[in-house]
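> Sequence:
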Amino acid sequence: MARAPMTNNLRLPVRFGLVGTGIGRLHAQAIAGLPGTAELVAVCGLPLASAEALAAEFKVSFATDDYEALLRRPEVEVIDLCVPHNLHLPMAEAAARAGKHVLIEKPLARNLVEADAIIHAARSNGISLMVAHNQRYFGHHAKAKALLEDGAIGTPYLVVAYVHVYGRIQGFRTRLAEAGGGTLIDSGVHRFDLLRWLMGDVASVYTQMGRFLQMQMEGEDCAVVSLRFKSDAIGSFSCSWSAKGRQPREGLEIYGPYGSILTEDHTRSLRLYSERPPAGLEDVSEFIFPVDQVESMRREIAAFAASIRQGTEPPVTGYDGRAALELAVASYESARVGQPVKLPL
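For the sequence shown, the residue numbers in this note's numbering are 1 to 345.
Wrong hints could be hidden among the right ones.
Keeping only pairs whose Cα atoms sit at most 27 Å apart, straight-line, the calculated DSSO-like set for lysine-lysine is [what the hints assert, rightly or not]: (1) Lys145 - Lys342; (2) Lys230 - Lys342; (3) Lys143 - Lys230; (4) Lys145 - Lys59.
Since the hints were made in silico from the structure, they are not lab data. Quick caveat: nothing in here was measured; it's all calculated off a predicted structure.
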């Protein structure tokens, strides 16, 4: 990917134009918490009243329902896309042509053809592209990465990941033409990114899936994926939007020859068991991180803003986003043919 051009004045905040007022509201909160680093200068959304309300809440002077008008604003340096999956490609391409950097909510696209087109548009127009895999910026996940790099449990050979949540799915996520799939391409792609980040590239997947409770959806509401990593480690990932329980459960269990690392998203906690703990952690077995979703986005956006000002590659590149998407696409193919699917596709 081509490097974004260096900005002359490193002291100025990076100026964002937000598109979408759903999860986009959390992005607005995150940007508001970064004075001097990032600034929200424009909001675009449908209906116009929603864009105007969000702009008023965050004291932004420009609100519109016209995306082209947003792209013409000279003060906007970054387009922050928080829109349905089918809009990622046309909006990202238009932003790149306008010379705007792009932060794009996951998944990068509905399929690999669209993902490649977005990456090509960024590279050809010399803009920076980052995919919003904010799960990397939760404290418990960052700590898991650091512990693995410190050798706290040795080279991991087994990972168990799960996203077990329940709630009626509505809107574009019910329609394959707009979403590109069901729970795996949406919630699952976050976990696929974490699995690659923590465990390395995947060699093959074998997947079974179905729709059990969310009958208003066209895609799957439950899936179970078996993974073989290129390191020869193995793993499983179960992802469900129809898992009823007392509370949602999302986490990771990573096992190595010297112990285990267990994370839990809703308590934002990490438990470590290690026969060879790193120095200073001999008597520490649990970590709690007060990092909520908005804080994870704040860290993500701060990292992107810093990369733009420094003219360096963003920490979660378009290629990273494509790789996570590729695992979802390979999973769909495996479920279709009833056989393991090798990567890369």
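> Hint by hint, note whether the structure agrees.
Hints, verified against the model:
The hinted pair formed by Lys145 and Lys342 meets the criterion: a straight-line CA distance of about 26 Å does not exceed 27 Å. A hinted pair counts as satisfied when its Cα atoms are at most 27 Å apart, and Lys230 with Lys342 qualifies at roughly 11 Å. In summary, the hint linking Lys143 to Lys230 is supported, as the alpha carbons are separated by about 23 Å, within the 27 Å threshold. Distance restraint check for Lys145 and Lys59: the Cα-Cα separation of roughly 37 Å exceeds the 27 Å cut-off, and the hinted pair is therefore not satisfied.
This entry does not satisfy hint 4, going by the numbered hints stated previously; all others are met.
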